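The primary structure of each chain is shown beneath.
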Amino acid sequence: MAIEIENLTKRYGLQNAVDNISFKVNTREVLGFLGPNGAGKSTTMKIIACFIAPHQGDVRLDNLSIHSNPDEIKRRIGYLPENNPLYLDMYVMDYLFFVASIQRVEKSTIDSRVREMVGVCGLSNEKHKRIGELSKGYRQRVGLAQAIIHNPEVLILDEPTSGLDPNQIVEIRKLIKELGKEKTVILSTHILPEVEATCDRILIINRGRLVADGSPSDLRKQAQGQEILNIQLETENSPATIKEKLMQLNTVASVESEGNGQKFFKVVSKTEMSSRKNVFRTCVDNNWILLEMTGQETRLEDVFRELTN
Amino acid sequence: MPAIWIIAKREINSFFDSLMAYILIVVFLGLSGFFTWLYGNDIFLRGQASLDAFFGISFWSLFFFIPAITMKTLAEENKTGTIELLITKSVSDWQIVTGKFLACLVLVAIALVCTLPYYVTVSKLGNIDHASVWGGYFAMILMSASYISIGLFTSSTTNNQIISFLLALFIGLFFQILFDVISNNMTGTTGAVFDYLSLRNHFDSISRGVIDSKDLIYFFSLITGGLILSEAMLSKRNWK
Ligand SMILES: Nc1ncnc2c1ncn2[C@@H]1O[C@H](COP(=O)(O)OP(=O)(O)O)[C@@H](O)[C@H]1O
Ligand SMILES: [Mg+2]
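Residue numbers (this note's numbering), protein chains in the order written: chain A, 1 to 309; chain B, 1001 to 1240.
Since the hints were derived computationally from the structure, they do not count as laboratory data. On a predicted model such as this, the values are computed, not experimentally measured, just so you know. No false leads were mixed into what you were given.
No more than 25 Å apart at the CA atoms, straight line, and that leaves these computed lysine to any residue pairs for SDA-like: (1) B:Lys-1236 with A:Ser-65; (2) B:Lys-1236 with A:Ser-68; (3) A:Lys-107 with B:Trp-1094; (4) B:Lys-1079 with A:Tyr-138; (5) B:Lys-1236 with A:Asp-19; (6) B:Lys-1009 with A:Gly-132; (7) A:Lys-129 with B:Glu-1076; (8) A:Lys-136 with B:Lys-1079; (9) A:Lys-129 with B:Thr-1080; (10) A:Lys-183 with B:Ser-1090; (11) A:Lys-136 with B:Asn-1159; (12) B:Lys-1079 with A:Ala-53; (13) A:Lys-127 with B:Glu-1011; (14) B:Lys-1236 with A:Pro-85; (15) A:Lys-127 with B:Thr-1080; (16) A:Lys-24 with A:Glu-153; (17) A:Lys-129 with B:Ala-1021; (18) B:Lys-1236 with A:Arg-11; (19) B:Lys-1009 with A:Phe-98; (20) B:Lys-1079 with A:Arg-11; (21) A:Lys-129 with B:Ser-1014; (22) B:Lys-1236 with A:Ala-53; (23) A:Lys-107 with B:Ser-1090.
Negatives, chain A to chain B, calculated, CB over 10 Å: (24) Asn-7; (25) Phe-23; (26) Asn-63; (27) Asn-125; (28) Glu-126; (29) Pro-193; (30) Asp-200; (31) Ser-217; (32) Lys-243; (33) Met-247; (34) Ser-257; (35) Glu-258; (36) Lys-263; (37) Ser-274; (38) Leu-300.
C-beta: ideal position from N, C-alpha, C; glycine also.
Let the hints inform the model, and build the full structure from the sequences given.
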């Protein structure tokens, strides 16, 4: 099911926590909602989950709107709030039964549905414990189980892996990825590797506004702009000569000699041009031995830092 | 199963799970039994059997017990953040509030049902005015519902159970006794208004077995008022 977010605005005092955000999430897409703390991720998700109302704008699922059909939307959404609040004094099974019945899972299927969730979320050994007795990783699984128990078409997960240890993170990510095969998922995080590991598409949000939208590789390319090549040469020629010759190439914007070895160079191409072939030919023409030529990858972290500073 | 009842059921289970329910019921039965049978009463002396002493003490013990029952309902959910879970399920704010109200009322009703043996045994001792006994029980239910409604409201305003408890007692005290005191010191319309606001008068007239619409309207306004305010506090998250 596709979700459309239209011109969403939410103010807290004078501050726009969410500032006129619009985007669309397609069916079965796993969308990563990325941004520094306080960017407005949770606020946006709370609005989609019908916890708070926006000052302006709308969220639509099919023909349903959060303003006129909150009940129906809530039933089609599975929501894991930030910090995963749970009734700690309840038993895991009781809690899942409670959520299933309140989300109007058909009575005859509640039993099997709860058992299925226990299996899917790996809670078999913990199902007879009180939630308060569980470790953080297992509580997170209970949080996920309650979010998907009514088989919603859309999942909204607010920082689903925060506070978990590395092994637990890997397991929860695997679970989310599995779920993403048949559901539309929006997950928020401020951890970069998380989106690379789980998401098809990334939205970067900063101070309540969208600053980037695309697949992880799209974003990298977008930020890259200019091709950067690192090369290493073996030759008698002086760095100055080499630099001069490389600069004569019509695709090259700048050349810097790198480090102290004097034979490492950083070649930056003009926008939208590649210098790989030209650099190779120049080396051959001058009898320089090309020991290494690598393109420098812009890391997603750089994109993130650039967009949110 | 309607959403209201699903919410109420979870709440009732949690009362009994935490022993809270048992403790309150036992203390309530002990107190009211003590006063009904032993303390300064002439059940065995007057040939006239009545439950007046029981209703008299329950009028006060419920006044103190009910805030203890309601204090947790919303304050705890505000504190732990589970209110966000509940609200984002397929239920309305009104269903959440009325579900919790119902749970508290069921708990009080269970406590009251446990006192029916008093009624049965007392009625064996002599002639008893059955209408006034049932009137008394009905009045206690209405009074409890009113204080539950107030307690639910105070619980919705805070994330601290103790504050919820004290605030409920404070507000309740006006209806329980202060309006009555004020009305005794006033004359004319103001006096009449405070007299009408005092819960005691309505409680007394219903527990005499006289069901007057004036009294019913009083209780139902108090109950709905508290529920509406509680719901308003829940949806306050959207006002900012
Ligand atoms: N209930 C609230 N009252 C006042 N300000 C809030 C409230 N919730 C969030 N904010 C503010 O709105 C901004 C966005 O917060 P949030 O959506 O939680 O960010 P994120 O989830 O991206 O870290 C922050 O500056 C935060 O301080
Ligand atoms: Mg957040």
